[in-house]
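A.B. asks: We have chain P already, so just place chain G on it with the hints.
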Amino acid sequence: MRWLLKAESWFMKIGVLALQGDFAEHISMLKKIGVDTVEVRLPKHLDGLDGLIMPGGESTTIGKLAVAYGLMEPLREFGKIHAVWGTCAGAIFLSRDIGRDQPLLGLMDIKVRRNAFGRQIDSFETDLEIDELMKATGTEHPYHAVFIRAPIIESVSGNAKVLSALEDGRIVAAQQGHLLATSFHPELTGDTRFHEYFISLAS
Amino acid sequence: METKTGTWTEKKGLAQMLKGGVIMDVVNAEQAKIAEDAGACAVMALERVPADIRADGGVARMSDPDMILKIIDAVSIPVMAKCRIGHFVEAQILESIGVDYIDESEVLTPADEEHHILKHNFKVPFVCGCRNIGEALRRIGEGAAMIRTKGEAGTGDVVEAVRHARSVIGSIKHLQVMDDEELMTFAKNNGAPYELVKEVKELGRLPVVNFAAGGVATPADAALMMQLGVDGVFVGSGIFKSGDPAKRAAAIVKSVTHYQDASILAEVSKNLGEAMVGRNAAQMPESEKLAVRGW
Numbered sequence: 001m002r003w004l005l006k007a008e009s010w011f012m013k014i015g016v017l018a019l020q021g022d023f024a025e026h027i028s029m030l031k032k033i034g035v036d037t038v039e040v041r042l043p044k045h046l047d048g049l050d051g052l053i054m055p056g057g058e059s060t061t062i063g064k065l066a067v068a069y070g071l072m073e074p075l076r077e078f079g080k081i082h083a084v085w086g087t088c089a090g091a092i093f094l095s096r097d098i099g100r101d102q103p104l105l106g107l108m109d110i111k112v113r114r115n116a117f118g119r120q121i122d123s124f125e126t127d128l129e130i131d132e133l134m135k136a137t138g139t140e141h142p143y144h145a146v147f148i149r150a151p152i153i154e155s156v157s158g159n160a161k162v163l164s165a166l167e168d169g170r171i172v173a174a175q176q177g178h179l180l181a182t183s184f185h186p187e188l189t190g191d192t193r194f195h196e197y198f199i200s201l202a203s
Numbered sequence: 001m002e003t004k005t006g007t008w009t010e011k012k013g014l015a016q017m018l019k020g021g022v023i024m025d026v027v028n029a030e031q032a033k034i035a036e037d038a039g040a041c042a043v044m045a046l047e048r049v050p051a052d053i054r055a056d057g058g059v060a061r062m063s064d065p066d067m068i069l070k071i072i073d074a075v076s077i078p079v080m081a082k083c084r085i086g087h088f089v090e091a092q093i094l095e096s097i098g099v100d101y102i103d104e105s106e107v108l109t110p111a112d113e114e115h116h117i118l119k120h121n122f123k124v125p126f127v128c129g130c131r132n133i134g135e136a137l138r139r140i141g142e143g144a145a146m147i148r149t150k151g152e153a154g155t156g157d158v159v160e161a162v163r164h165a166r167s168v169i170g171s172i173k174h175l176q177v178m179d180d181e182e183l184m185t186f187a188k189n190n191g192a193p194y195e196l197v198k199e200v201k202e203l204g205r206l207p208v209v210n211f212a213a214g215g216v217a218t219p220a221d222a223a224l225m226m227q228l229g230v231d232g233v234f235v236g237s238g239i240f241k242s243g244d245p246a247k248r249a250a251a252i253v254k255s256v257t258h259y260q261d262a263s264i265l266a267e268v269s270k271n272l273g274e275a276m277v278g279r280n281a282a283q284m285p286e287s288e289k290l291a292v293r294g295w
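These protein sequence lines map, in sequence, to chains P and G. Residues in the first sequence are numbered from 1 upward in steps of one, following the working numbering. Residues in the second sequence are numbered from 1 upward in steps of one, following the working numbering.
Since the hints were derived computationally from the structure, they do not count as laboratory data. In this text the structure is predicted, and so the values were computed from the model without any measurement. Even for Gly, the Cβ is constructed at its ideal location relative to N, Cα and C. The reader is advised that the hints may include incorrect statements.
Pairwise CB distance ranges (calculated) [to be verified]:
id : chain 1 : residue 1 : chain 2 : residue 2 : range
1  : G       : 67        : P       : 200       : 44 to 52 Å
2  : G       : 277       : P       : 76        : 41 to 49 Å
3  : P       : 129       : G       : 179       : 43 to 51 Å
4  : G       : 227       : P       : 167       : 41 to 49 Å
5  : G       : 194       : P       : 119       : 30 to 38 Å
6  : G       : 275       : P       : 135       : 55 to 63 Å
7  : G       : 178       : P       : 76        : 47 to 55 Å
8  : P       : 158       : G       : 67        : 40 to 48 Å
9  : G       : 8         : P       : 70        : 20 to 28 Å
10 : P       : 48        : G       : 262       : 21 to 29 Å
Take a look, some chain G residues computed to stay more than 10 Å from chain P by CB distance [unchecked claim]:
id : residue
11 : 9
12 : 34
13 : 56
14 : 118
15 : 176
16 : 181
17 : 196
18 : 198
19 : 207
20 : 244
21 : 266
22 : 269
23 : 286
Chain P extracted, bound-state conformation (with noise of 0.2 Å):
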């Protein structure tokens, strides 16, 4: 478990949003470091919770869903105080702006462009040096990144500061003092750092 205790998880209860995508993957992923998770689909899903993750998924879909069960403005407020992570559809969601019109909760100082690579046959995956994250785990190895119908962070403003970066500069990951996006799926590889890191942006 490296630099994270495993008695502060254990009083930790993390949501993951369950409107659509790949919620159980992120569960099974906190479980893993040993955190109490909860499927959040209604407001009522977010009392008691230390932080949420927003899922990989199709982001018109979610935002659609949490306009239709008065979650955008609870979540927006829950995001002023909580750790907030996305992963790809969440990234979008957390985003302020990404230059078409759906529902985004706009917690994050980033602009973001959907569909970014391509179409699915140019999803990939590559390794990411992410100095913070091998930093704070105590770890040298890079990170494992899986990469679909990805979007990128165009750029950050105000607190936002990038935390990921491919080599030809496209921003891949962002930070916003307890909110976090990437726009690759950290839940898709065996590798709990991103998962832990998360977890200390929530204690």
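C.D. replies: Using the frame of chain P, we list chain G on its own:
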């Protein structure tokens, strides 16, 4: 840094992103927009929905690439398209125009009555239908990165979808309590690759995402399939053959998310207008059943 495309993780991964969602059959860009606006997680582009394929008869083939491209241009969500069983050239064409997933489908007229496409040869991922665990694992063995239970397409009758989902999920449960000594015989009896049988026993589920298809026509049907244990649903004729497609599509999307909440299911089931007319699958002659196609 080394970059890889078309990997097994990538292929399986896109299906994982579709979980908890509804994939809708659409025949033109206008319907694709309606589906996207209703919250579909992907669309299946085809020239005729299964109910019309049944009514029209004749040979059903891959759709016109131009029509598929128009749908690709119209929506931001993934676009799937169907090729005939065994027709690997149709699959090559669909891959080249950039569809996100290929459905090697029994709804179209099979091009090969003995062999399916060797799907490992492609970078684009494939979904295939199954009626039971053996068929599911044979398709995965050939490289299918997503499975759907077949049901009986174009009927609006959910009975076959239930039968096939119960069969697959029941077999997985059965495997959980088997001794390892029994697995080879299970593989033999079900015509399933042994290594995949072992993997299913270890995982307690199929190694790829499993949706339900074929006969889902109402929000209650969709929630029924979810409660039986599938990862999401395909709705073919059930939406655009109904009285109010946009409303029914949105209701089915909600029913898949809130599949365990009967009060929400009651709410979304109200005033949807006419469901598709439907056809009783039990009274259908064997020769008209699409699900028997696949080997």
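A.B. asks: Take a quick look at residue 198 of chain G and tell me if its Cβ sits farther than 10 Å from every Cβ on chain P, holds or violated.
C.D. replies: 19 Å, holds
A.B. asks: So does residue 67 of chain G sit 44 to 52 Å from residue 200 of chain P, Cβ to Cβ?
C.D. replies: 50 Å, holds
A.B. asks: At 10 Å, judged by beta carbons, does residue 266 of chain G keep clear of chain P as stated?
C.D. replies: At roughly 15 Å from the nearest Cβ of chain P, residue 266 of chain G sits farther out than 10 Å, so the non-interface label holds.
A.B. asks: Are all C-beta atoms of chain P more than 10 Å from that of residue 196 of chain G?
C.D. replies: 20 Å, holds
A.B. asks: Taking C-beta pairs only, is residue 9 of chain G more than 10 Å away from all of chain P?
C.D. replies: Violated, because the least Cβ-Cβ distance between residue 9 of chain G and chain P comes to about 6 Å, which does not exceed 10 Å.
A.B. asks: Using Cβ atoms and 10 Å as the threshold, tell me whether residue 207 of chain G really stays out of contact range of chain P.
C.D. replies: Holds, because the least Cβ-Cβ distance between residue 207 of chain G and chain P comes to about 14 Å, which exceeds 10 Å.
A.B. asks: If I take the minimum Cβ distance from residue 56 of chain G to any residue of chain P, is it greater than 10 Å?
C.D. replies: 31 Å, holds
A.B. asks: Hey, is residue 286 of chain G genuinely clear of chain P, shortest beta carbon separation above 10 Å?
C.D. replies: 36 Å, holds
A.B. asks: Run the C-beta distances from residue 269 of chain G to all of chain P and say if the shortest one exceeds 10 Å.
C.D. replies: The claim stands: residue 269 of chain G keeps its Cβ more than 10 Å from every Cβ of chain P (closest is about 15 Å).
A.B. asks: Indicate whether the distance between the beta carbons of residue 158 of chain P and residue 67 of chain G respects the range 40 to 48 Å.
C.D. replies: 44 Å, holds
A.B. asks: How does the Cβ-Cβ distance of residue 178 of chain G and residue 76 of chain P compare with 47 to 55 Å: does it lie in that range?
C.D. replies: For residue 178 of chain G and residue 76 of chain P the Cβ distance comes to about 50 Å; the hint holds.
A.B. asks: A cut-off of 10 Å on Cβ-Cβ distance, and residue 118 of chain G was said to be off the interface with chain P. Does that hold?
C.D. replies: The assertion about residue 118 of chain G holds, with a minimum of 17 Å to chain P.
When the structure is compared with the earlier hints, violations turn up for hints 9, 11 and for no others.
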